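Here the sequence shown stands for residues 198 to 455, where the numbers follow my numbering.
It should be emphasised that the hints constitute simulated quantities derived from the structure, not laboratory data.
All values derive from a computational prediction rather than experimental measurement.
Certain hints may be false.
Stated by the list, open to error - With a straight-line Cα cutoff of 30 Å, these simulated BS3-like cross-link-like pairs (lysine-lysine) come out:
#	residue 1	residue 2
1	K371	K279
2	K371	K423
3	K423	K279
As the list claims (entries may be wrong) - Simulated restraints on C-beta separations:
#	residue 1	residue 2	range
4	F326	L390	36 to 44 Å
5	T432	S396	24 to 32 Å
6	I290	L321	48 to 56 Å
7	L390	G325	38 to 46 Å
8	L446	A392	36 to 44 Å
9	N334	R435	43 to 51 Å
10	T211	L394	45 to 53 Å
11	P247	V310	21 to 29 Å
12	V293	P247	20 to 28 Å
13	W275	A306	23 to 31 Å
14	R395	G325	43 to 51 Å
15	R435	S303	31 to 39 Å
16	A306	R282	40 to 48 Å
C-beta: ideal position from N, C-alpha, C; glycine also.
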Amino acid sequence: MDLFDVFSDMAATTLIAATLIILFAGFVKGAVGFAMPMIMISGLGSILPPETALAALIVPTLVTNIRQASRGGWAAAWQSVKDYRVFLIAMLILLVLSAQLVGVISSKALFLVIGVPLVAFAVLQLAGFALRLDPENRTRDEALMGGFAGFLGGMSGIWGPPTVMYLTATDAPKSAAMRVQGVIYGIGSIALLLAHLRSGVLNPSTLPLSIAAVGPALIGMWIGFKLHDRMPQATFRRAMLLVLVVAGLNLIRRGLFG
């Protein structure tokens, strides 16, 4: 199936709506570094079959994460890997181990376990009750938060919010926060691509749609980058927290209603 076949099967209104959703998802990612898959699966899932919506986000998620991680150059990306190596190592180890526990805890319970503290953390931060982690305890805190992110990620596929919580609590500079998110989510994007090539979600019928989604995602991301570059550090941090609230509320919704 080629792109013409994919688009010819869609109503014009569906195609326009899907394009706008992808543009917006790319814009948010470019501005704050995360939440693109959440926006795409929620938005596209309301106008497309669930598996089609999932397939559509796979390739643009991988491409935008690579773009995000490498925006400052590959040397800077590698430096971010070294700077956050403890977080990354702990995350990957716990991700692999906790993946074996899938099915032990219900997905609804897990969404609530992630969503409730996430919203509480973000709301308290926005209200002025700032949580700051002591730089002297960085190795310990990175190991704990990285392990927490990996533990949740292995069972639910969601490790972005805990990552953002850590970056916010350490008041990471904008450029570093964006790069390390790109690296972490990029690793997950590769795993997602391989998993769904195997599962059949990404197949000859859905792959063209996913490839076509790369264009509007990158355009939206480019616009988001422009906003990001103009944001002061304090504004960037507040924007991340606001998106965290939305992400957390979405997880709570999924935990309560599926």
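These are the hints, each one checked on the structure:
About 17 Å separates the Cα atoms of K371 and K279, which keeps this hinted pair within 30 Å; it holds. The suggested pairing of K371 with K423 holds, with an alpha-carbon distance near 13 Å, which does not exceed 30 Å. Among the hinted pairs, K423 with K279 is consistent with the structure: their alpha-carbon atoms are about 27 Å apart, no more than 30 Å. Roughly 39 Å separates the CB atoms of F326 and L390, a value that falls within the hinted 36 to 44 Å.
Taking the beta carbon of each, T432 and S396 are about 40 Å apart, not inside 24 to 32 Å as hinted. Look at I290 against L321: about 29 Å separates their beta carbons, and that is not inside 48 to 56 Å. Between L390 and G325 the Cβ separation comes to about 41 Å, which falls inside the hinted range of 38 to 46 Å. Take L446 and A392: their Cβ atoms lie about 27 Å apart, and the range 36 to 44 Å is violated.
At about 25 Å, the beta-carbon gap between N334 and R435 misses the expected band of 43 to 51 Å. Between T211 and L394, the C-beta spacing of about 25 Å breaks the proposed range 45 to 53 Å. For the pair P247 and V310, the supplied restraint of 21 to 29 Å holds, since their beta-carbon distance comes to about 23 Å. Checked against the given bound of 20 to 28 Å, the beta carbons of V293 and P247, roughly 27 Å apart, stay inside it.
About 38 Å separates the C-beta atoms of W275 and A306, a value inconsistent with the hinted range of 23 to 31 Å. Judged by the Cβ atoms, the range 43 to 51 Å given for R395 and G325 holds: they are separated by roughly 47 Å. A beta carbon spacing of about 34 Å between R435 and S303 agrees with the range 31 to 39 Å that was offered as a hint. Distance hint check for A306 and R282: the Cβ-Cβ separation is about 32 Å, which falls outside the suggested range of 40 to 48 Å.
When the structure is compared with the earlier hints, violations turn up for hints 5, 6, 8, 9, 10, 13, 16 and for no others.
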